[in-house]
Amino acid sequence: MMKHVLSVLVENQPGVLSRVTGLISRRGFNIESLSVGPTDDATMSRLTAIVNADDIAYEQITKQLHKLISVHKITDLTDEGAIERELVLYKINAQPERRGEIIEIANIFRAKIVDVGRSSLTIEATGDGEKLKGLEDLFRAYGIKEVVRTGKIAMSRNSKE
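Just so we're aligned, residue -7 is where the sequence shown starts under the numbering used here, counting upward by one.
Any given hint could be a false lead.
Unchecked claim - In the DSSO-like style, the derived pairs of lysine-lysine whose C-alpha atoms are separated by at most 30 Å in a straight line are:
| no. | residue 1 | residue 2 |
| --- | --- | --- |
| 1 | Lys(-5) | Lys123 |
| 2 | Lys55 | Lys65 |
| 3 | Lys104 | Lys144 |
Everything labelled a hint here was simulated from the structure, so no lab data went into it.
Using the sequences and the hints, build the whole thing.
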């Protein structure tokens, strides 16, 4: 099994996401990450899915997706060295005497403080999986109250044009 990064341009209509994810899950594959958002064309959305599948099964998935009327373009970003990013919000235990340390860690990782509570800080970070895992590992020493992650988004690099 290999991780495949799939970028799908679909019509921005109700039910399209359900049809795409249903097609993948009916074939017994788990979607590790899923992110959907509008494009510069209001009639279209970009769906980014990370799917674990062998090459043969992955080819079957893409062939089936091409048959859906609402799917306009499928791009496999797996082997392209694509730019991948994810957004994470961390709510960290932060007593006043320890806040300086936490803020310093956030600054090193170019993360932002987005909320301050009496005993916590909420920090927003973006980046690839390695960067976000490293940041989370450091925050564990202070106590993580909550973590919320988006799905990954991906785009081919300019050098591939």
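### Query
Are Lys104 and Lys144 close enough, with their CA atoms no more than 30 Å apart?
Given pair Lys104, Lys144 holds - Cα atoms ~19 Å apart, limit 30 Å.
### Query
Are the Cα positions of Lys55 and Lys65 separated by 30 Å at most?
11 Å, holds
### Message
For Lys(-5) and Lys123, compute the direct alpha-carbon distance and say whether it is at most 30 Å.
### Response
Satisfied, since the Cα-Cα distance of roughly 19 Å is no more than 30 Å.
Violated hints for the displayed structure: none, as all numbered hints are satisfied.
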